[in-house]
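Take the sequences, apply the hints, and build the full model.
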Amino acid sequence: MSQFVHTPVRVIGSSSGGNPFSTFGGSDGRIVERILVYSGGWQIKAITVWLTNSRAVTFGNPSGNTGSREFVFQNGERITSLSLWGNGAGTRAGWIRFKTSTNRVFDFGMTDWGRREEFPVDVGSGIFIGLQGRANLDVDALGFIFLKHVVSARVVDVRYPTLALDLQAGIRSVTLQGFSSRNNNTNGQPTNWRFEGSRTVTESSSWSNTTALSFHVGWNVEASIPFVASVGGSGGWELSNTFTRERTTSSERSLTWDQSGTLNPGQSVSLAATTKEGILNIDYEGAFEVVLRDGNRFRYSFSGTYDGTSFTTVDVILDGTRRSASAPEVPEQPEVSDEPEVHDVFEL
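For what it's worth, full-length UniProt numbering labels the leading residue of the sequence shown as 1, then goes sequentially.
Think of the hints as simulated: they come from the structure by calculation, not from any bench. Some hints could be false.
The calculated lysine to aspartate or glutamate pairs, modelled on EDC-like cross-linking and capped at a C-alpha distance of 20 angstroms, are [as the list claims (entries may be wrong)]:
hint	residue 1	residue 2
1	99	77
2	99	28
3	148	33
4	99	112
5	148	238
6	148	28
7	99	70
8	99	122
9	148	77
10	148	117
11	99	118
12	148	289
This is the structure in structure tokens:
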């Protein structure tokens, strides 16, 4: 047993009857999700426990029981207090009573003999990760295993194994605004034009983590973020530098453009401000690292889903030729329009 992750286990009942048993998670991310207790007249006959993503394990023998009671833990539900009783003769486990963070109570045990000495148990963080004791035909002795107090948790060593398979997945071109102008002067005078604007977009990143411990502790992410990079008019996914961030982030960003030029009589210009929008939903792999109050730490591997939205900077398209948002004066163009006009082409 990885004793550095759990509080001292208090086992109540016989110190010699039956055979030793233990089942626990903790350092591998598993916790107890459900228990089923079978009573006898003067003892706990058997107890069945389900750990995360594991088959049920039964200690003792439920045959001949006088009743049973089940408790299914909700996501994030902790045990806030626990007391155990023997059967009063020092030969068997007799009774279990605990209360949880949702104010639910489990209070069950032997049906004929009365409870005598109560043994309160240190529940540590309240995260129930396993059982320990002795059993054969009955549960001779029983103890609950709890994770120690948790200080912090984070997702580390994040990688996106399928990202490189399609670097343009989920990327599309978005036209923010169009513009056209024509110099119809008959006096030979040039005219100036200017195409400027801005659009606010929202970029976001989110990492899912459905491992059992993630529902019990706050956590953040140390990772690089996929973003859309526009190079030479084509967009593709790249990765940012690695740093620590919240597991879900959202921020507004202003996309701006400003171009101007001069048209001689009879000349015209047509422009469009565009960006690349990338919407990504892919699997990621990483490790969940948990730091305990006493300084010990552990980690385990898992996988989840990353969702993100990213935009490139603005490109301005001139008669099919892509230009940066701050490109220099536009050269002479053939006639393509009648009057100056600015128009929205696409609403984000």
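Here's how the hints hold up against the structure:
1. Only pairs whose Cα atoms come within 20 angstroms are accepted, and residue 99 paired with residue 77 is accepted, the gap being roughly 10 angstroms.
2. Under the criterion of a C-alpha separation no larger than 20 angstroms, the hint pairing residue 99 with residue 28 is inconsistent with the structure, at around 25 angstroms.
3. Of the pairs offered as hints, the one joining residue 148 and residue 33 holds, with about 18 angstroms between alpha carbons and a cut-off of 20 angstroms not exceeded.
4. Restraint check for residue 99 and residue 112: the C-alpha separation of about 23 angstroms exceeds 20 angstroms, so the hint is violated.
5. Among the hinted pairs, residue 148 with residue 238 is inconsistent with the structure: their alpha-carbon atoms are about 40 angstroms apart, more than 20 angstroms.
6. Distance restraint check for residue 148 and residue 28: the Cα-Cα separation of roughly 14 angstroms lies within the 20 angstroms cut-off, and the hinted pair is therefore satisfied.
7. With a C-alpha separation of about 14 angstroms, the suggested pairing of residue 99 with residue 70 holds against the 20 angstroms cut-off.
8. This hinted pair checks out: residue 99 and residue 122 have alpha carbons roughly 13 angstroms apart, not beyond 20 angstroms.
9. Of the pairs offered as hints, the one joining residue 148 and residue 77 holds, with about 15 angstroms between alpha carbons and a cut-off of 20 angstroms not exceeded.
10. Proposed proximity of residue 148 and residue 117 is contradicted: the alpha carbons are some 26 angstroms apart, above 20 angstroms.
11. For a cut-off of 20 angstroms, the pair hint linking residue 99 to residue 118 stands: about 15 angstroms separates their Cα positions.
12. With a C-alpha separation of about 14 angstroms, the suggested pairing of residue 148 with residue 289 holds against the 20 angstroms cut-off.
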